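Peer 1: Sequence:
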Amino acid sequence: MDDVRTKKEYQHKPFIIAELEDLPGGGSLKLGDLDKSKKVIPPGFFVGKNADGMLVLLVSAVLVEAAVDTAKTLKVKKGSQLQVGKFIAGDEEGSKAYAVTKIDTANADYDEVTIGTALGVALDAGDSVYEVKAEDATGGEGELPVIPIGLGKNEIDLSKNHAETGVSVRGSYTVATMAFGAPKAYTKHLPLMRFKYPNK
Numbered sequence: 217m218d219d220v221r222t223k224k225e226y227q228h229k230p231f232i233i234a235e236l237e238d239l240p241g242g243g244s245l246k247l248g249d250l251d252k253s254k255k256v257i258p259p260g261f262f263v264g265k266n267a268d269g270m271l272v273l274l275v276s277a278v279l280v281e282a283a284v285d286t287a288k289t290l291k292v293k294k295g296s297q298l299q300v301g302k303f304i305a306g307d308e309e310g311s312k313a314y315a316v317t318k319i320d321t322a323n324a325d326y327d328e329v330t331i332g333t334a335l336g337v338a339l340d341a342g343d344s345v346y347e348v349k350a351e352d353a354t355g356g357e358g359e360l361p362v363i364p365i366g367l368g369k370n371e372i373d374l375s376k377n378h379a380e381t382g383v384s385v386r387g388s389y390t391v392a393t394m395a396f397g398a399p400k401a402y403t404k405h406l407p408l409m410r411f412k413y414p415n416k
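Just so we're aligned: 351 in our numbering is position 135 of the sequence shown, and the numbers increase by one with no gaps anywhere.
Watch out, some of these pointers could steer you wrong.
What the hints assert, rightly or not - The calculated lysine-lysine pairs, modelled on DSS-like cross-linking and capped at a C-alpha distance of 30 Å, are:
| hint | residue 1 | residue 2 |
| --- | --- | --- |
| 1 | K318 | K288 |
| 2 | K376 | K294 |
| 3 | K376 | K288 |
| 4 | K229 | K293 |
| 5 | K376 | K293 |
| 6 | K265 | K400 |
| 7 | K288 | K229 |
| 8 | K254 | K412 |
| 9 | K229 | K252 |
Source of the hints: derived by calculation from the structure; they are not laboratory data. Here the structure is a predicted model, which is why all the values come from computation and not from measurement.
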């Protein structure tokens with residue numbers, strides 16, 4: 217008798233326009249540092265690999281409202297993995313990076329993220345902020361926790377103790393349907409992946 221199994225690998229993935237290559241066998245995603253209260257991570261998230269060979273989520277969020285260069289509060293799409301105490305930078309050249317001091321999730325349409333010091337760059341609605349390793353008071357020197365290798369293709373259930381995902385590493389993708397956006401700080405490391413941004 218055939219062993220027939222349902223795999224989330226085959227679910228609809230609207231962020232993929234055309235996939236030319238994926239990572240053979242996919243990988244296991246590290247869940248320990250993630251905010252389990254968010255329940256799921258939608259497909260189309262950037263991943264890298266740590267020293268143990270596990271996939272690591274690169275944390276980012278999309279702004280729903282423009283922010284001036286002196287802004288200390290940022291309105292972002294709900295459901296991101298931004299966390300208090302972590303450092304974020306804006307996806308514009310020369311952005312500084314400072315720690316998140318508060319995240320207000322009370323609004324049904326967006327989360328309001330507060331940082332202790334402004335990032336020093338103006339950001340448009342649709343731009344991204346992303347997590348870096350440490351504070352960057354100079355600007356433009358924020359270091360990513362891991363280097364991106366591709367896009368996770370599976371929805372991740374955060375109630376589980378273990379998660380696996382396929383990883384797309386070559387093809388064309390539409391950013392408008394990616395929950396956490398596509399920061400240029402990530403995509404510059406992925407020359408085989410083409411990203412279509414809204415209105416571009």
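Peer 1: Taking the numbered hints from earlier one at a time, note which ones the structure violates and give those numbers from smallest to largest.
Peer 2: 3 and 7
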